Structure formats: C-alpha cells, structure tokens
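Peer 1: The residues making up each chain are set out below.
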Amino acid sequence: MQAEGPIKTFSLQTDKFLDNQLRERLSKKPFSKSSIAIRTCGLLLIFLTIYAFISFDYKDVNFIDALLLTLDNLGKMFFEPHLKHFSFSHALFQVLVTLGLAFLTTIFGAIIALLLGLLAAENISSKPLSVVIKGTVALIRAVPTVLWVLIFAVAAGLGSVAAVIGMTFHSISYLVKAYSESFEELDKGAIEALQASGANWWQIVFQAVIPSSITYMVSWTFLRFEINFAVAVAMGAAAGAGGIGFDMFMASGFYFDLREIGAITYFILIVAICLEIFATRIKKKLKVLS
Amino acid sequence: MTTLLEVKNVSKQFGKDTKALSNVTFSVKEGEFVSVIGPSGAGKSTLLRCINRMVDASSGEIIFDDAYVHQLNKKELKKVRTKIGMIFQHYNLVNRLSVIENTLHGRLGYKSTLAGALGLYSEDEKLQAARILQILGLEEQIYKRSDQLSGGQKQRVGIARALIQDPKLLLCDEPIASLDPNSSKIIMDHLRNICTSMGITVVVNLHQVDVALKYSDRIIGVNSGKVVFDGTAKSITSNDIHQIYGSDEGKLIFDLGGSHVS
Chain G
1 MQAEGPIKTF
11 SLQTDKFLDN
21 QLRERLSKKP
31 FSKSSIAIRT
41 CGLLLIFLTI
51 YAFISFDYKD
61 VNFIDALLLT
71 LDNLGKMFFE
81 PHLKHFSFSH
91 ALFQVLVTLG
101 LAFLTTIFGA
111 IIALLLGLLA
121 AENISSKPLS
131 VVIKGTVALI
141 RAVPTVLWVL
151 IFAVAAGLGS
161 VAAVIGMTFH
171 SISYLVKAYS
181 ESFEELDKGA
191 IEALQASGAN
201 WWQIVFQAVI
211 PSSITYMVSW
221 TFLRFEINFA
231 VAVAMGAAAG
241 AGGIGFDMFM
251 ASGFYFDLRE
261 IGAITYFILI
271 VAICLEIFAT
281 RIKKKLKVLS
Chain H
1 MTTLLEVKNV
11 SKQFGKDTKA
21 LSNVTFSVKE
31 GEFVSVIGPS
41 GAGKSTLLRC
51 INRMVDASSG
61 EIIFDDAYVH
71 QLNKKELKKV
81 RTKIGMIFQH
91 YNLVNRLSVI
101 ENTLHGRLGY
111 KSTLAGALGL
121 YSEDEKLQAA
131 RILQILGLEE
141 QIYKRSDQLS
151 GGQKQRVGIA
161 RALIQDPKLL
171 LCDEPIASLD
181 PNSSKIIMDH
191 LRNICTSMGI
201 TVVVNLHQVD
211 VALKYSDRII
221 GVNSGKVVFD
231 GTAKSITSND
241 IHQIYGSDEG
251 KLIFDLGGSH
261 VS
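Protein chains in written order, with UniProt numbering: chain G, 1 to 290; chain H, 1 to 262.
Next up, chain G with everything else stripped away, as it sits in the complex (with noise of 0.2 Å):
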C-alpha cells in the first residue's frame, strides 16, 4: 500500500496545475478485458443485422402493403371481436376450465415440491441427498413445459392426461428449486435452538423452517400459477387439453375468424390482468406481515 501523507484540507479554490494533472489522470481510464469484449459484440450485431436485413428473400411482398394488411388484420381482431362459433357462456367456462388446469397442476406441483424442497435444502437435509434432487430437477427444468407434455402423451395419449402430468412435473422442478433456495435463506439459529432443546426433524420443519419462509412459498407458488395459466392456453391448442386454447386453435386453424381470435385474446387478456391483480395484493398483505 502507498503510505498516506498527512490530511489534505478540502478548499474550493481550483489549481489550475493540480487540475491539469487530474485531467490527465481521468483521460487514462484502463482498457479492461470485458469491455473489449462488449465493444466487439455490439459492433457484431449491427453487422449481422443490417446484412440480415439485406439478404432477406422478399419475394413479391411489397413491404408497405404488407404492414398495411397486417395493421388491417391486427384492427379487426381487437376492434371488431365477435363470438360467432360459440356462445359467450361456453367461452367463460372454457376459461374457467383452462384456470382448472392452471390450478390443478400448481398444486399437484406445490404439494410434491413441498417435500421435495425440504429435502433439497442443504441446511436441513444432507448435502449429497440436495445436491442429487437438484441436479434431477435442474434437467427437468431445463425441457420446456410443452415438450414434457408431448413426452407425456406418448403414454397417456394427446389430451388432458398428458396435460396435466408434463405441467405437473415441470412445476415440481420449478418449485423445487425456489422453495429450497428460500428454505436454504433461514436463519441457522432458529434451526440450532430446536436441536439442542431435543426437537426432531419434522418439528424443526413445521415449527421454524415452514413459519420462516411461508411468505416466499406463497409468492412462488402464486408466480407459477400465472405461468401455468399461460400454459394451459398454449396446452388446449398444442395437445388438445381442452379450455380457451382449444377453442383458439379451432377458430384459427378452423375457421379462420380473425374476429373470433380477437374476442378470445381479450377474455384470456381480462383473466391474466384480474391474476396479477390478485397476486400483487397478497404479496403487499405478505409484505405487510412479514
């Protein structure tokens, strides 16, 4: 270390030399590794880009008349919706039954994590046990909900079955993995006094563990049920699971009613809004009494 000379006084007269020699001091900022490196990828990328852009093959679409038919498009969906192959009360169940299966599978999901997460939490179960249950739940993970579901399916056959077993066993991984990592943010100390007052594993759990960390299960769980919700949509059309998606997949692929398309969006649309509506609220309750 440099050894430090006496306390300078701060005055606010300016040197014009001293300041010179901070300028100089401030123009030799040190060219490091990373920012080489994010320099290079940037200028990359407007290459790629503009030269993407170049060597599109337009065929005969005339660029204008094309946005303009979409804007056309895009307008009768949203500002001309009508249900045309179905009545409004069969589509409020359909989403009523598409929320089913959101619901369903989060709790299926949450229950099985449960136990699943307690085990994987290095602080109240064994490091080798935690480090295989989340090495297992990190690759399932790691395949999207869909594919599960079309794993699923070879057994269970395309449909609700498949559905909710591949949603289900996704939400496990997910929520392996964050309630352990809340569980894994507790205090050790609660966990010590119980042990040394004699406490055995399943009090420790239901009496420190779960108390401590309810708030943030409660957050999570609600998190993948917005995820699941927007699952179950891309389900009912992907793999016949029933609900709102069906219908979307039908008036699409089926009819080909852009305004029906557009009615359905806004019922999925009001859903997912009144979803996080709701979970912002709980999480300020939780807030509140945390």
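These aren't lab readings, by the way, just hints derived from the structure by calculation.
For lysine-lysine, the following DSS-like pairs were computed, each having C-alpha atoms within a straight-line distance of at most 25 Å:
1. G:Lys188 - H:Lys74
2. H:Lys168 - H:Lys126
3. H:Lys75 - G:Lys127
4. H:Lys185 - H:Lys214
5. G:Lys188 - H:Lys83
6. H:Lys185 - H:Lys168
Everything numeric in this text was worked out from a predicted model, so none of it was measured.
Start from chain G and add chain H according to the hints.
Peer 2: Structure of chain H alone, referenced to chain G:
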C-alpha cells in the same frame, strides 16, 4: 453438592490442523454458576456446544447427570438435550412467530412428532409458558411477534424457551454480547436468579471479565483450546486474567474488585 457435569480430556479438531480444543477437563457441581472466559476464537463456543453435542468432540468423555453423552445414540441424545437449555448470542428465535409460540418451542423435545409439528400444546404447558414469561417481565408481549421486540426482550424469550424445558443445566453462549449495558444487567440478573432460586446449573460464555467476576461462583479461563485457569471468582488475580487473554500487563480495560487494574 453432587457433580452434574464432567468434561474429561475433550479435544476437538476441525479439518486437518485446526485444533479448537485440546484435552479440556473440568467438572461442574449442581447449582453452580460458572463463567467461561477467554479471547475470541479460544474455543469457548465449541466447548459449550460439545457439552450437548451440537458439535461432536473428536475425543474425550462428557458425563452429564450420569449419562455418557458422547456414547448416546440419536434418540437418547435428544432426551438428554431436553434437560439442557441453551441460550444464544443472537437469540435464535423464529421471528415470524409470537413470543409464546417461541417459548413453547422448548417443549418440542417432550412431545410426539405429530403434536409437536402441528404445535398442539396442552393447557398446562401454555400456563407454564405464561408463568415463566411473567417472571421475566414479558406478560404484556405474550402475543406479540418476536421481531417486534427489543434485543433484551428477545433474549428473555430465549431464556423462557430454555426454562420451559425444565432443564438441569443452562448453557449460555455469550448471552449479552449484542446487548446494551442496561439489558445486559437484566439478563445476567435473571440468570443469576435462576441459578440461585431454582437451583439450575448455569454455564455461561462471556466476553466481559467484570461481569463474569461479579456474577459467577467459578471462572474457567480458556486460551487456544486449553483451560488455563479454573478457580473461584474471588481467587482470580489480575495476573491470571492477563494470562487467560495472553496480553501484556496494562493493556486490558476491566475492573477487579472496584480498583482499576492497569
């Protein structure tokens, strides 16, 4: 008085070459108030945790209340632990639960797994918890959440949790290290009172030499994992204290019998 706790030749090794304790031997009689003092990192906490096997000693014997603690299996160990209360520097309460819930945690060792996990306590246990909390001056806070308490109050909840275990021995790991002088005095007064009027043996780790001298019957001085002093609080000299802390003459701030030692 009978001997309640015997520690014989206890050593503890962390890793390959960190020796936390080496050949520690001492015994504690029933109803005694013993302070363990020594510099930071001398092994005081490890020593305390070896007694109830929160840390397993590498070698040596620990005999508590005629039980060979080092030989017990899991189930027997849990039973012995119910008879040893422990108090911590950072209180170690479950912050989201109320004062009485935290106090009742001390009963978990006596309960069946299911009743304990669900928090089903008997009327007697609740009444006993309330009684203890009242003695400790927390009757107004019974249903308050523990994170709304001050440090001194939290430590009193810690004491209540240990007392409801109906223990024979209290292990206190630096109970006043994070408290202001006033709360410290209240806590130490309570501990002394518990020892004198309830006959519970207290072993306490302390950093404050003057507090140790004032409250304890006996002092055990520990330095680098070895017992370097073991005697009554009255018989200790400033020379002994300097030896415990391994410091040169005149470099410590503490009071010995009213006169400033320099």
